[in-house]
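Q: Protein sequences appear in the order of chains A and B. Terminal number for the first sequence in the working numbering: 1353, no gaps in between. Terminal number for the second sequence in the working numbering: 506, no gaps in between.
Heads up, some of the hints might be wrong.
Only pairs whose alpha carbons sit at most 20 Å apart, straight line, appear in this in silico DMTMM-like list of lysine to aspartate or glutamate [unchecked claim]: (1) B:Lys261 / B:Glu390; (2) B:Lys261 / B:Asp352; (3) B:Lys274 / A:Asp1241; (4) B:Lys406 / B:Asp312; (5) B:Lys406 / B:Glu297; (6) B:Lys274 / A:Glu1229; (7) B:Lys274 / A:Glu1218; (8) B:Lys406 / B:Glu435; (9) B:Lys261 / B:Glu248; (10) B:Lys274 / B:Asp259; (11) B:Lys406 / B:Glu378; (12) B:Lys261 / A:Glu1218.
Looking from chain A toward chain B, a few residues come up when the C-beta cut is under 10 Å (computed) [stated by the list, open to error]: (13) Arg1220; (14) Gly1246; (15) Thr1249; (16) Lys1258; (17) Cys1260; (18) Thr1261; (19) Leu1263; (20) Asp1268; (21) Ala1309; (22) Gly1328; (23) Asn1332.
Per label pair, the in silico range of CB-to-CB distance [what the hints assert, rightly or not]: (24) A:Ser1271 / B:Ala467: 52 to 62 Å; (25) A:Thr1321 / B:Gly299: 17 to 27 Å; (26) A:Gln1289 / B:Lys406: 44 to 54 Å; (27) B:Asn374 / A:Thr1321: 51 to 61 Å; (28) B:Asp291 / A:Thr1280: 17 to 27 Å; (29) B:Pro395 / A:Asp1216: 29 to 39 Å; (30) A:Gln1289 / B:Ala467: 56 to 66 Å; (31) B:Ala321 / A:Asp1283: 41 to 51 Å; (32) A:Ala1323 / B:Val376: 37 to 47 Å; (33) B:Gln503 / A:Gly1338: 25 to 35 Å.
Simulated from the structure, these hints should not be mistaken for lab results. For glycine and all other residues, C-beta sits at the position ideal for the given N, C-alpha and C.
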Amino acid sequence: MEVSIDVNGRSERHDVEPRTLLVQYLRETCALTGTKVGCDTSSCGACTVLVDGESVKSCTMLAAQADGRSVTTIEGLSTGDDLHPVQQAFVEHHGLQCGFCTAGMVMAAVSLIEEIPAPTEADVRMGLEGNLCRCTGYHNIVRAVLAAAGTE
Amino acid sequence: MIPAAFDYVRAGSADEVVAALVEHGDDAKVLAGGMSLLPLMKLRLATPAVLVDAARLSDLSYVREEGDHVAIGALTRHRDLETSALLGASCGVLRGVAAEVGDNQVRHRGTIGGSVVHGDPASDLPAALLALDATFVAQGPNGVRELDAASFFLGFLETALEPDELLVEIRVPKVGPGGWSYQKFNRRAQDWAIVGALAVRGEGGTRVSLVNMGTTPLRAVAVERALAEGATPEAAAADAADGTEAPSDLNGSSTYRQHLARVLVRRALEQSQA
Chain A
1202 MEVSIDVNGR
1212 SERHDVEPRT
1222 LLVQYLRETC
1232 ALTGTKVGCD
1242 TSSCGACTVL
1252 VDGESVKSCT
1262 MLAAQADGRS
1272 VTTIEGLSTG
1282 DDLHPVQQAF
1292 VEHHGLQCGF
1302 CTAGMVMAAV
1312 SLIEEIPAPT
1322 EADVRMGLEG
1332 NLCRCTGYHN
1342 IVRAVLAAAG
1352 TE
Chain B
233 MIPAAFDYVR
243 AGSADEVVAA
253 LVEHGDDAKV
263 LAGGMSLLPL
273 MKLRLATPAV
283 LVDAARLSDL
293 SYVREEGDHV
303 AIGALTRHRD
313 LETSALLGAS
323 CGVLRGVAAE
333 VGDNQVRHRG
343 TIGGSVVHGD
353 PASDLPAALL
363 ALDATFVAQG
373 PNGVRELDAA
383 SFFLGFLETA
393 LEPDELLVEI
403 RVPKVGPGGW
413 SYQKFNRRAQ
423 DWAIVGALAV
433 RGEGGTRVSL
443 VNMGTTPLRA
453 VAVERALAEG
463 ATPEAAAADA
473 ADGTEAPSDL
483 NGSSTYRQHL
493 ARVLVRRALE
503 QSQA
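Please take these sequences and the hints and turn them into a complete structure.
A: Printed below as a string of structure tokens:
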């Protein structure tokens, strides 16, 4: 089947099998490998992207379900060399170690700040419950998100 | 993990969904948000030959007051429930429980109808709807019928919905914003409940339901009866495990779950009456 998806502002049109997962489509068809496959069971959040501005786990969504929608991946956040404020805050607050969860964390945080513009620490911790990090203990990730939201 | 191959049909109306179900019978499954069905398909525990995508039926996404009840479209997402001011004022318990489902990403996709028809005893919303004596409206080839929550959940992942029926609406009584408590016990924030207990005050007394204490969501009938006879919350909660068949798994033995049910029901009763 043919799907037309706006990916990071670019109009993409591809023929895919109906069973193609969105993450597979992004990584293999669009060659956008910033989005990671972690647990592959919608638990870890490493595959988080935005669909129409809202965070979703792209390992548990079909490309067919995103047909006609707008998808933003980690590659679509920055403007040229200027990082998105959430990306910049992760750099400044050392919100990562190995980096595997980072793309998903950043995308989940962007969606969270969109929904709760001035989050408390509790809002951030609960809002990121769907994203697992095995390195950092979350402390610097939470600081980074609060800094990006301006509520540090 | 990739699902087995299937034919994809995107339905433009509830009638089209039902027509596809009639045509393909047991080979077809309805896709809403996909938060329960897609994981099963990826594990190949579900291998439908035809997937009927109903998620774009935006006319089945709504929360509105109708007389003495609130009507909720089956394709209303958890996110839309947890942010609905109308639901918060007229049936706060359902808004509160919707906010406990999964995580943000899951609530952005998952729907109340999908959660109900999946019929998972570990799920949050079915137990809440059971306590509320909700009515489920199903559309099939011969028209629309209403089903009571009390007789809807038949067994593990098994409901009274016929294979050619689509759940279109959920109706819950207006019980107001407060007077409820949902105690969800799990080890990590986003996990399923190891055990959950819900208490909600309504007309005719306090209703209590249990999550993950059997093959279906359950009403804690013995607790409700004890309360009606004047028992204290603490005394009534002692009956919380009566009539349950709690599973044993990695997260806890059946005996441990019975203990949790008694503790969580007591807390839910105390907090719902506070």
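Q: Could you run down the list of hints and mark each one as holding or not?
A: Now for the hints, and whether the structure bears them out:
no.	hint	result
1	B:Lys261 / B:Glu390	holds, 14 Å
2	B:Lys261 / B:Asp352	holds, 16 Å
3	B:Lys274 / A:Asp1241	holds, 9 Å
4	B:Lys406 / B:Asp312	holds, 18 Å
5	B:Lys406 / B:Glu297	holds, 9 Å
6	B:Lys274 / A:Glu1229	holds, 18 Å
7	B:Lys274 / A:Glu1218	holds, 15 Å
8	B:Lys406 / B:Glu435	holds, 10 Å
9	B:Lys261 / B:Glu248	holds, 13 Å
10	B:Lys274 / B:Asp259	holds, 17 Å
11	B:Lys406 / B:Glu378	holds, 18 Å
12	B:Lys261 / A:Glu1218	holds, 18 Å
13	Arg1220	holds, 5 Å
14	Gly1246	holds, 7 Å
15	Thr1249	holds, 6 Å
16	Lys1258	holds, 5 Å
17	Cys1260	holds, 8 Å
18	Thr1261	holds, 5 Å
19	Leu1263	holds, 7 Å
20	Asp1268	holds, 8 Å
21	Ala1309	holds, 7 Å
22	Gly1328	holds, 6 Å
23	Asn1332	holds, 8 Å
24	A:Ser1271 / B:Ala467: 52 to 62 Å	holds, 56 Å
25	A:Thr1321 / B:Gly299: 17 to 27 Å	violated, 39 Å
26	A:Gln1289 / B:Lys406: 44 to 54 Å	holds, 47 Å
27	B:Asn374 / A:Thr1321: 51 to 61 Å	holds, 52 Å
28	B:Asp291 / A:Thr1280: 17 to 27 Å	violated, 38 Å
29	B:Pro395 / A:Asp1216: 29 to 39 Å	holds, 31 Å
30	A:Gln1289 / B:Ala467: 56 to 66 Å	holds, 58 Å
31	B:Ala321 / A:Asp1283: 41 to 51 Å	holds, 44 Å
32	A:Ala1323 / B:Val376: 37 to 47 Å	holds, 43 Å
33	B:Gln503 / A:Gly1338: 25 to 35 Å	holds, 31 Å
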